[in-house]
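Participant: Take a look at the letters that make up each chain.
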Amino acid sequence: MAVDKLNICVERGEVFGLLGPNGAGKTTTISMLCTILKPTSGWAKVSGFDVVKQSALVRKSIGIVFQDPSIDDRLTGRENLYMHANLYGVPPGEQRSRIDRVLKLVELEKRADDLMRTYSGGMRRRLEIARGLIHYPKVLFLDEPTIGLDPQTREHIWTYIEDLRKAQDITVVLTTHYMDEADRLSDKIAIMDYGKIVASDTPANLKETLEGDVIMVETKEPEKLSSILAGTVGIIRTNIAGDEVELTVRGGKALLPRIVEAAAKNGVFVESVSLREPNLADVFLHYTGRAIRTQSGDELHGLSAIKRRAIR
Amino acid sequence: MTELRGIYTLWLREIKRYIRDRARIISSFVQPLLWLAIFGSGIRFSSQIGNLTPQQFIFPGIIGQTLLFTSMFMGISVIWDREFGFMKEILVAPISHFSVFLGKMLGDSTDAVIQGIIVFALGLVFGIKLNMLIFLEALPIMILITFGLVGIGLTVASFMESLESFGVIQSFINLPLFFLSGAIFPITTSGPYAVPYWLQIVSRFDPLTYGVTALRVIVLGGGEWQTQTYAPPFYLDLAIIVGFDLIMIIIGTLAFSRRK
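If you're matching them up, the sequences are chains X and L in order.
For the first sequence, the residue numbers in numbering that gives the first Met the number 0 are 0 to 311.
For the second sequence, the residue numbers in numbering that gives the first Met the number 0 are 0 to 259.
No wet-lab data here; the hints were simulated from the structure.
C-beta atoms are modelled at their ideal positions from N, C-alpha and C, and glycine is treated no differently.
You may find that some hints are simply not true.
[As the list claims (entries may be wrong)] Pairs of lysine to any residue, SDA-like flavour, derived with a Cα cap of 25 angstroms: (1) L/15 <-> X/215; (2) X/264 <-> X/215; (3) X/52 <-> L/252; (4) X/37 <-> L/15; (5) X/37 <-> L/90.
[As the list claims (entries may be wrong)] Beta-carbon label-pair distances, calculated as ranges: (6) X/91 <-> L/40: 51 to 57 angstroms; (7) X/200 <-> L/256: 36 to 42 angstroms; (8) L/161 <-> X/166: 39 to 45 angstroms; (9) X/166 <-> L/160: 40 to 46 angstroms; (10) L/139 <-> X/151: 55 to 61 angstroms; (11) X/157 <-> L/3: 38 to 44 angstroms; (12) L/22 <-> X/99: 31 to 37 angstroms; (13) L/233 <-> X/47: 55 to 61 angstroms.
[Unchecked claim] Residues from chain L shown here face chain X by an in silico Cβ test under 10 angstroms; the list is partial: (14) 0; (15) 4; (16) 5; (17) 9; (18) 11; (19) 15; (20) 86; (21) 87; (22) 136; (23) 168; (24) 169; (25) 172; (26) 173.
Assemble the whole structure, with the sequences as input and the hints as a guide.
Facilitator: Next up, the structure:
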């Protein structure tokens with residue numbers, strides 16, 4: 000079972016992030032909400048419409064940017080947008096101005112009349128986002144919006160998404176397996192793993208549940224160090240990962256010198272130490288008991304996989 | 000209104016893709032040209048059919064063949080769209096699957112009929128007596144045959160997982176429909192040169208038989224050939240072609256409506 004008894008509520012105007020590793024069931028969830036897949040049980044409503052019984056109404060009120068490319072690369076950017084406008088019943092009189100506006104939003108005005116096959120991966124993605132906005136959707140679904148893109152383009156797309164919600168009354172549901180993306184964009188995050196929601200809250204609250212900082216100590220004898228440190232006041236949790244001991248602590252700054260001191264006193268050589276505030280990766284680890292699987296690109300099939308690689 | 004605009008935009012897309020693919024347009028008349036020039040010059044029928052030369056006799060058949068092969072080939076666009084993800088964009092749009100199928104069918108049919116018209120014009124090179132009136136009569140028949148044939152191509156393709164498997168299935172469908180239609184040899188029904196009885200019967204189940212016969216009546220005129228071969232009356236040809244179109248539109252819409 001790809002998705003098992005989810006219970007999610009997304010408020011109007013919010014950016015909701017569905018965070019999880021590849022294969023967690025994010026795309027399946029989105030597909031059901033977009034009426035592409037039929038749920039085997041349960042119900043869902045999107046902008047007030049039932050996804051099974053009122054699928055046509057749902058489709059009219061949503062915009063989708065799929066994980067895999069879904070444009071016609073033999074047509075120009077503008078032609079793709081016109082086609083979308085016609086498919087979604089945008090009045091002919093308004094099509095031109097709306098298309099010009101979304102093209103401007105994603106900075107593709109100059110390339111709009113070139114064939115899509117000449118676009119780079121990032122440009123295609125931007126055009127797909129623009130396309131998803133032409134029919135003024137109430138809810139915009141973004142399935143892995145920046146997968147396989149370079150850091151600059153990702154930054155660009157994040158800025159668009161942020162600007163977008165400032166400019167329009169729109170609810171955004173996005174899926175991602177990138178911690179930084181979820182952290183930066185979402186008002187609320189649901190962490191998903193093996194088809195279930197394991198935690199759901201604001202990014203700040205999620206991090207706060209960890210109630211502490213993270214100290215990483217690199218040493219040749221991690222087991223010995225962790226037994227030395229056992230019982231030290233302020234250490235909440237100890238975790239060994241390879242050559243590193245990961246400590247979740249209260250008051251990290253004050254504790255750091257004590258830890259190094261204790262190690263030196265017991266003859267354990269410390270190679271390096273680092274201190275940081277908790278991030279979503281720690282949250283994920285906390286809830287699922289393992290690090291997020293970060294391999295990317297393995298959800299693509301067939302020609303689209305080849306294509307995606309070619310775009311990179 | 001939304002549905003109509005959806006159909007229109009899908010139709011327009013197919014046309015644009017076709018027109019931009021120059022290689023396909025240029026290569027489109029090479030195969031029929033070879034059939035008419037080489038096969039048409041070389042073949043001898045065992046009995047004289049009316050007062051027609053074999054080349055004249057097969058000419059309407061080669062138009063039918065072009066429509067058939069092109070129509071079936073159009074099915075590839077379905078697989079292509081699915082592989083490149085564009086199918087998802089169409090299927091989540093708020094228009095009915097009937098409109099999606101119809102838009103695609105009309106677009107692909109237009110492309111196939113354009114190919115048919117090119118072959119029709121080739122007839123002048125081979126000394127077939129053609130004029131504007133014959134063209135205007137033949138065009139609707141060509142369009143009607145094409146609808147159903149494109150319907151087969153799209154429906155079959157919607158069940159195929161890959162381009163390769165579609166390629167194999169395609170020739171399984173193309174060749175029997177082509178050979179059985181009487182396109183390149185007369186389905187003679189009487190006399191010492193009658194084709195085997197089973198062949199006469201099976202050819203009646205081939206929708207292309209009626210298309211080719213109707214085209215023959217228009218292009219070559221009626222005559223003795225109609226009594227020598229299996230040639231149902233024109234009104235029956237027309238009725239069967241239209242019926243075939245309607246059935247394929249229904250089946251195609253159902254095939255496109257499957258939610259996986």
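Participant: Evaluate each hint against the coordinates.
Facilitator: Do the hints match the structure? See the list:
1. Annotation: proposed proximity of residue 15 of chain L to residue 215 of chain X is violated, straight-line Cα distance about 59 angstroms (limit 25 angstroms).
2. Among the hinted pairs, residue 264 of chain X with residue 215 of chain X is consistent with the structure: their alpha-carbon atoms are about 19 angstroms apart, no more than 25 angstroms.
3. Distance restraint check for residue 52 of chain X and residue 252 of chain L: the Cα-Cα separation of roughly 20 angstroms lies within the 25 angstroms cut-off, and the hinted pair is therefore satisfied.
4. Restraint check for residue 37 of chain X and residue 15 of chain L: the C-alpha separation of about 34 angstroms exceeds 25 angstroms, so the hint is violated.
5. As the CA atoms of residue 37 of chain X and residue 90 of chain L are separated by approximately 14 angstroms, the hinted pair is consistent with the 25 angstroms bound.
6. For residue 91 of chain X and residue 40 of chain L, the hinted distance range of 51 to 57 angstroms is satisfied, since their beta carbons lie about 53 angstroms from each other.
7. Between residue 200 of chain X and residue 256 of chain L the Cβ separation comes to about 40 angstroms, which falls inside the hinted range of 36 to 42 angstroms.
8. For the hinted restraint 39 to 45 angstroms between residue 161 of chain L and residue 166 of chain X, the CB-CB distance of approximately 43 angstroms keeps it satisfied.
9. For residue 166 of chain X and residue 160 of chain L, the hinted distance range of 40 to 46 angstroms is satisfied, since their beta carbons lie about 43 angstroms from each other.
10. Distance hint check: the CB atoms of residue 139 of chain L and residue 151 of chain X are about 57 angstroms apart, consistent with the given range 55 to 61 angstroms.
11. Between residue 157 of chain X and residue 3 of chain L, the C-beta spacing of about 39 angstroms keeps the proposed range 38 to 44 angstroms intact.
12. For the pair residue 22 of chain L and residue 99 of chain X, the supplied restraint of 31 to 37 angstroms holds, since their beta-carbon distance comes to about 34 angstroms.
13. For residue 233 of chain L and residue 47 of chain X, the Cβ-Cβ distance of about 56 angstroms falls inside the hinted range of 55 to 61 angstroms, so the restraint holds.
14. Because the beta carbon of residue 0 of chain L sits about 8 angstroms from the nearest beta carbon in chain X, less than 10 angstroms, this interface hint is met.
15. For residue 4 of chain L, the interface hint holds, since its Cβ comes within 10 angstroms of a Cβ in chain X; the closest pair sits about 5 angstroms apart.
16. For residue 5 of chain L, the shortest C-beta to C-beta distance to chain X is roughly 5 angstroms, which falls under 10 angstroms, so the interface hint holds.
17. With 10 angstroms as the threshold, the beta carbon of residue 9 of chain L comes within range of chain X, its nearest partner Cβ sitting at about 8 angstroms, so the hint holds.
18. Hint status for residue 11 of chain L: holds, given a least beta-carbon distance of 8 angstroms to chain X, under 10 angstroms.
19. A distance limit of 10 angstroms between C-beta atoms decides the matter here; for residue 15 of chain L the minimum to chain X is near 6 angstroms, and the interface restraint holds.
20. Interface hint status for residue 86 of chain L: upheld, as the beta-carbon distance to the closest one in chain X is roughly 8 angstroms, under 10 angstroms.
21. Because the smallest distance between the Cβ of residue 87 of chain L and any Cβ of chain X comes to about 5 angstroms, under 10 angstroms, the interface hint for this residue holds.
22. Of the supplied interface hints, the one on residue 136 of chain L is violated, with its beta-carbon coming no nearer than about 34 angstroms to a beta-carbon of chain X, more than 10 angstroms.
23. Hint status for residue 168 of chain L: violated, given a least beta-carbon distance of 18 angstroms to chain X, over 10 angstroms.
24. At about 19 angstroms, the closest approach between the beta carbon of residue 169 of chain L and any beta carbon in chain X exceeds 10 angstroms, and the interface hint on this residue is violated.
25. Checking residue 172 of chain L against chain X: minimum C-beta separation of about 24 angstroms lies over 10 angstroms; hint violated.
26. A cut of 10 angstroms between beta carbons decides the hint on residue 173 of chain L: the least distance to chain X is about 24 angstroms, and the hint is violated.
Violated hints, listed in ascending order, are 1, 4, 22, 23, 24, 25 and 26; each of the other numbered hints is respected by the structure.
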